[in-house]
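Please construct the entire structure, taking both the sequences and the accompanying hints into account.
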Amino acid sequence: MEAKAAPRIKTSQRRIQYKSSAWCVHEFEVWSGELVCRVAALRMKDSLLLWIGGNAKPALVEVAAGVPMPPSNGSARAGLATALISGDGVAVTLARRLSATLVRPVYVCCGATFDRFTAPLVERGLIAEIKSRPECF
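Per UniProt numbering, the sequence shown starts with residue 1, numbered consecutively.
Note that these hints are calculated values from the structure, not bench results. Ideal Cβ positions, reconstructed from N, Cα and C, are used throughout, including at glycine. One or more hints might be untrue.
Here are the computed lysine-lysine pairs in the DSS-like style, where the Cα-Cα straight-line distance is at most 30 Å [stated by the list, open to error]:
1) LYS45 / LYS131
2) LYS19 / LYS131
3) LYS45 / LYS19
4) LYS57 / LYS131
Using C-beta positions, here's what the derived DEER-type ranges look like [unchecked claim]:
5) SER20 / LEU121: 31 to 39 Å
6) SER86 / ARG15: 44 to 52 Å
7) GLN17 / PRO71: 34 to 42 Å
8) GLN13 / ARG77: 44 to 52 Å
9) ALA22 / ILE85: 25 to 33 Å
10) VAL103 / SER32: 22 to 30 Å
11) ALA40 / ARG15: 30 to 38 Å
12) THR93 / SER47: 17 to 25 Å
13) ALA56 / GLN17: 42 to 50 Å
14) GLY33 / SER86: 25 to 33 Å
15) ASP46 / THR82: 28 to 36 Å
16) ALA59 / TRP31: 14 to 22 Å
17) PHE117 / MET44: 47 to 55 Å
Here's what the structure looks like:
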């Protein structure tokens, strides 16, 4: 039997076009006399990941996912949320409210626990930042 030569393999002549990232990262801090928390928002094509951390080293205390409800006849916007890690704390409330407001899925990760005094400060800080920089959310 006669030995055949291996076929010549050519590399592709296609041109690769690079695109800029569709993700947007925005970091800010919420202050009320002193630092309340640090926030990082990762805006993706169809969703938002929000990391809310405290003053200490990073930790993962709560994770919640929120999705907007489909619009129904004449009803106000609403959202549904569930806790993925830990209990029903600030993360679930924020995920539900933000998903209804932004009309996209929202994942909220809290690295700190917020009490009844600091939770409203965090919400007000988020609202102010969303209004001032809507392209990041």
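Checked hints:
1. LYS45 / LYS131: Judged against 30 Å, a Cα distance of about 19 Å means the pair holds.
2. LYS19 / LYS131: At roughly 28 Å apart (the allowed maximum being 30 Å), LYS131 and LYS19 satisfy the hint.
3. LYS45 / LYS19: Cα-Cα ~14 Å, so holds.
4. LYS57 / LYS131: 29 Å, holds
5. SER20 / LEU121: 31 to 39 Å: With a Cβ separation near 35 Å, SER20 and LEU121 satisfy 31 to 39 Å, so the hint holds.
6. SER86 / ARG15: 44 to 52 Å: Since SER86 and ARG15 have Cβ atoms about 48 Å apart, the given range 44 to 52 Å holds.
7. GLN17 / PRO71: 34 to 42 Å: 37 Å, holds
8. GLN13 / ARG77: 44 to 52 Å: Given a distance of about 50 Å, which is inside 44 to 52 Å, the answer is holds.
9. ALA22 / ILE85: 25 to 33 Å: 27 Å, holds
10. VAL103 / SER32: 22 to 30 Å: 29 Å, holds
11. ALA40 / ARG15: 30 to 38 Å: Given a distance of about 35 Å, which is inside 30 to 38 Å, the answer is holds.
12. THR93 / SER47: 17 to 25 Å: For THR93 and SER47 the Cβ distance comes to about 18 Å; the hint holds.
13. ALA56 / GLN17: 42 to 50 Å: 44 Å, holds
14. GLY33 / SER86: 25 to 33 Å: 28 Å, holds
15. ASP46 / THR82: 28 to 36 Å: Since ASP46 and THR82 have Cβ atoms about 19 Å apart, the given range 28 to 36 Å is violated.
16. ALA59 / TRP31: 14 to 22 Å: Distance hint for ALA59, TRP31 holds at roughly 21 Å.
17. PHE117 / MET44: 47 to 55 Å: At 32 Å between Cβs, range violated.
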